[in-house]
Structures are given as structure tokens and as C-alpha cells.
Amino acid sequence: MAVKDEIEDRLTAAFAPSVLTVVNESHRHAGHAGDDGSGESHFHITIRAEALREMTRVARHRAVQAALGDLNSRVHAIGLDIG
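Take the sequence shown: its position 45, counted from the start at 1, is 44 in numbering that gives the first Met the number 0, and no numbers get skipped.
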């Protein structure tokens, strides 16, 4: 399964978001630090979910990172836009 699909599955299961966009930005980092050549090293996530709304910014980031679990160690960089 592609990393993008895994991210979408995990975040959907954890938060039932009203908005979820996962963009693979790995091509923008080709040849840079953290590029493992897989084409799945850098992602940007936009997520909106009722479950995240009342959390502080830090708590939202921690909740998303927890939902992603071991993907955090398989992906070099994840940008987050959470609301």
C-alpha cells in the first residue's frame, strides 16, 4: 500500500475528518536530505475534524502523530495544517 493511502486510512479511522487532503511532495525534495529515493518521503496533510477542534495546537499535532504511529519513522517530513 502506498504511504499516502496509509496516511489517509489511519487519519480517517482516528478522526472521521470532514476535510482530509494528503499531498505527496517528495518530488520537490529529490536529492535533498531525507530523500530515500522511494518517492514517498515528504507529505503535507490538511485535516479538519470535530475531534481535533477543541484541542490546543500542540495537542492536535500530538494526536495526529499518534494516529500515524510507525509511519512517523518511515517518512522523513510531514507538514501539518490542522483545524
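It is possible that part of the hints are untrue.
[Stated by the list, open to error] DEER-style ranges, computed between Cβ atoms:
| # | residue 1 | residue 2 | range |
| --- | --- | --- | --- |
| 1 | Ser17 | Ser72 | 24 to 30 Å |
| 2 | Ala1 | Leu79 | 26 to 32 Å |
| 3 | Ser17 | His60 | 16 to 22 Å |
| 4 | Thr55 | Ala1 | 28 to 34 Å |
| 5 | Ala58 | Met0 | 14 to 20 Å |
| 6 | Glu49 | Arg73 | 27 to 33 Å |
| 7 | Arg56 | Met0 | 25 to 31 Å |
| 8 | Arg27 | Glu53 | 29 to 35 Å |
| 9 | Asn23 | Gly68 | 17 to 23 Å |
| 10 | Ser72 | Arg52 | 27 to 33 Å |
| 11 | Ala1 | Arg52 | 26 to 32 Å |
| 12 | Met0 | Thr55 | 18 to 24 Å |
Rather than coming from a laboratory, the hints here were simulated on the basis of the structure.
Positions of the beta carbon are idealized from the N, C-alpha and C atoms, including for glycine.
Going through the hints against the structure:
1. Ser17 - Ser72: 24 to 30 Å: For Ser17 and Ser72 the Cβ distance comes to about 29 Å; the hint holds.
2. Ala1 - Leu79: 26 to 32 Å: violated (19 Å)
3. Ser17 - His60: 16 to 22 Å: holds (19 Å)
4. Thr55 - Ala1: 28 to 34 Å: Once the Cβ atoms are compared, 32 Å apart, the range 28 to 34 Å for Ala1 and Thr55 holds.
5. Ala58 - Met0: 14 to 20 Å: violated (28 Å)
6. Glu49 - Arg73: 27 to 33 Å: With Cβ atoms ~28 Å apart, the hint holds.
7. Arg56 - Met0: 25 to 31 Å: Holds: the Cβ-Cβ distance is about 30 Å, inside 25 to 31 Å.
8. Arg27 - Glu53: 29 to 35 Å: The hinted range 29 to 35 Å holds for Arg27 and Glu53, with Cβ atoms some 33 Å apart.
9. Asn23 - Gly68: 17 to 23 Å: holds (19 Å)
10. Ser72 - Arg52: 27 to 33 Å: Because 28 Å falls inside the window, the suggested range holds.
11. Ala1 - Arg52: 26 to 32 Å: Distance hint for Ala1, Arg52 holds at roughly 29 Å.
12. Met0 - Thr55: 18 to 24 Å: Since Met0 and Thr55 have Cβ atoms about 32 Å apart, the given range 18 to 24 Å is violated.
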